[in-house]
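Residue numbers (numbering that gives the first Met the number 0), protein chains in the order written: chain A, 0 to 86; chain B, 0 to 560.
It is possible that part of the hints are untrue.
Said to hold, decoys possible - Here are some chain B residues pointing at chain A (derived, C-beta under 7 Å):
{"no.": "1", "residue": "M245"}
{"no.": "2", "residue": "A287"}
{"no.": "3", "residue": "P294"}
{"no.": "4", "residue": "R408"}
{"no.": "5", "residue": "P551"}
Stated by the list, open to error - Far from chain B by the CB rule (all over 10 Å, computed), these chain A residues:
{"no.": "6", "residue": "D5"}
{"no.": "7", "residue": "F30"}
{"no.": "8", "residue": "N41"}
{"no.": "9", "residue": "E42"}
{"no.": "10", "residue": "N75"}
Calculated directly from the structure, the hints in this document are not laboratory data.
Every residue, glycine too, gets a C-beta built ideally from N, C-alpha and C.
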Amino acid sequence: MPTHNDKMKAYWRKNLQTLFILLLVWFIVSFGCGILFVNELNEFRLGGYKLGFWFAQQGSIFAFVILIFVYVVRMNRLDREFDVDEE
Amino acid sequence: MEILTWTYILVGLSFALYIGIAIWSRAGSTQEFYVAGGGVSPLANGMATAADWMSAASFISMAGIISFAGYDGSVYLMGWTGGYVLLALLLAPYLRKFGKFTVPDFVGDRYYSKTAKVVAVICALFISFTYVAGQMRGVGIVFSRYLEVPIEWGVVIGMCIVFFYAVLGGMKGITYTQVAQYCVLIFAYMVPAIFISMQLTGNAIPQLGLGGSVADGTPLLDKLDGVLTELGFAAYTSGRKSITDMFMITLALMVGTAGLPHVIVRFFTVPRVKDARLSAGYALVFIAILYTTAPAIAAFGMYNAIDTTSEKNISELPEWIATWQKTDLIKVDDKNGDGKVQYVADPDANELTIDRDIMVLASPEIAKLPNWVVGLVAAGAMAAALSTAAGLLLVISTSVSRDLFKTFRPDISDKKELRIARFAAAGAVLLAGYFGVNPPGFVAQVVAFAFGLAAASFFPVIIMGIFSTRINKEGAIAGMITGLVFTIVYIVYFKFISPEMNTADNWWFGVSPEGIGSIGMILNFLVCGIISHLTPPPPQEVQDMVEEIRIPRGAGKAQDH
């Protein structure tokens, strides 16, 4: 039977997995699309925007907002699954 | 009605509102004073965080900086928003679960050491003072520009207002006034932006207008690129900074944001861990509204400025140029005497100088909006400056009364501690006011300091304190000091000792002083990790505490010791 401790370890591992994926996206939209590959992306267009420029001044910020809300939803689900949520 | 009358009415009304809220929500206990009793809803806390975060610089100067920097200005947009992702994912929920009042509280407990705590207090005080001096100056400038009083008087009026609600209301008063201030500032920012966007591109949403087309059908940004390159400037959508430097500055600003004590402390005010996560999300939504509008105002402003002046007869310039020429924020100098304005990159031939603050300050006039909108922008700018100043003053007073005084005199009563906190807040207001009236010449330069230091000192030790049970006090203290000293030395050398050396050729690894906090942070992480592994692990009860803060259940209200 899994002990309380093992369960908490599993919870923490899942938490870290979630963080890793979300932070990877965080890095890609800002540092990746907005800075490192901005010139390549500027070859493409989004309406009147060059794509790389759009990421740097608009897209990355929208993505940040979405990331936090995805995190909130996922963590709330994880908390309930492992029965560590607050009453 | 005259602009000045409208300004007095709108600014007066907004001040009456703030003071009313402060009286209604004044603090009765240290808990209310430090963390608003821990009972603020996530939505209200998100709004307050946004107002706390967006300073006079965000409101007045940021769009203008982007106007002139174009793509390079993206470092501020990404840097000052991306930090909230780090905050929400890596810090806020755990610090809320930890459940004390301040960042030095956490550092002191997690690293079981008064030395670590005192180092943290010194960092917190230094960062907050640097920041608040700039805010007070901002308050003074806004007052003097709009109410036509001397800057000194502007600072004094601002001090009185902040004094009133920060000293009386503590965190509780500040939080609810900040909610009101957010509403004022965002409304004031959006109204001119929406109208300008409509006039230029026919799209009422500035974020879409920026990607829209001007009257002749070409996309606005392409048109701007074309016009600017023709005049000898760099294209708006391409950068001049190196990729390394862009990367490092953005990183330093993001991590610095997540390490700023007045931002972190906001997440102690919500009731539950769940709320701390959600509240960071709301905060970023409210911040993003302004931060995605700013680049639109920036590009519209630059387009308008060139379109209405370049090669135009001086006698036929639009009215707002004449109005703002009086304040010296715009200068027209017909060097070649042809009666027309030449705006070009070559400084010897250029005849038009525009201060960056114009892009927001003059936006209502550029859009030919009625006078009350000008008054509204004044009230918004004041709200931005006051809300940030109040948040910072609270961190200063808490650091003094709680982190310094109570650490060494743990037995003082709640009532006495509250009195000390109020005295400290009052002292901090006076000191900040002094710097506002007599600004040390380096205020503009020290902004890089505040972020660099927050990035290089707090961020790594908090992260490691949560995500590792092995990091001990020796590692944390060594890490903080290394990060701090390295960053200070680098910035002081290039900004104060040898400013003439401050060019890309002399920078280490091509990183400018603005971005050096990133390197300081990496050093802090390395030193902290290495030293910790060479010295004994932290005591068992500290390791248990770390395990405990990782799990949401059982977070009570923010507790006293």
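query: Of the numbered hints stated previously, which ones are contradicted by the structure, given in increasing order?
result: Of the numbered hints given earlier, those the structure breaks are 4, 7, 8, 10, listed in rising order.
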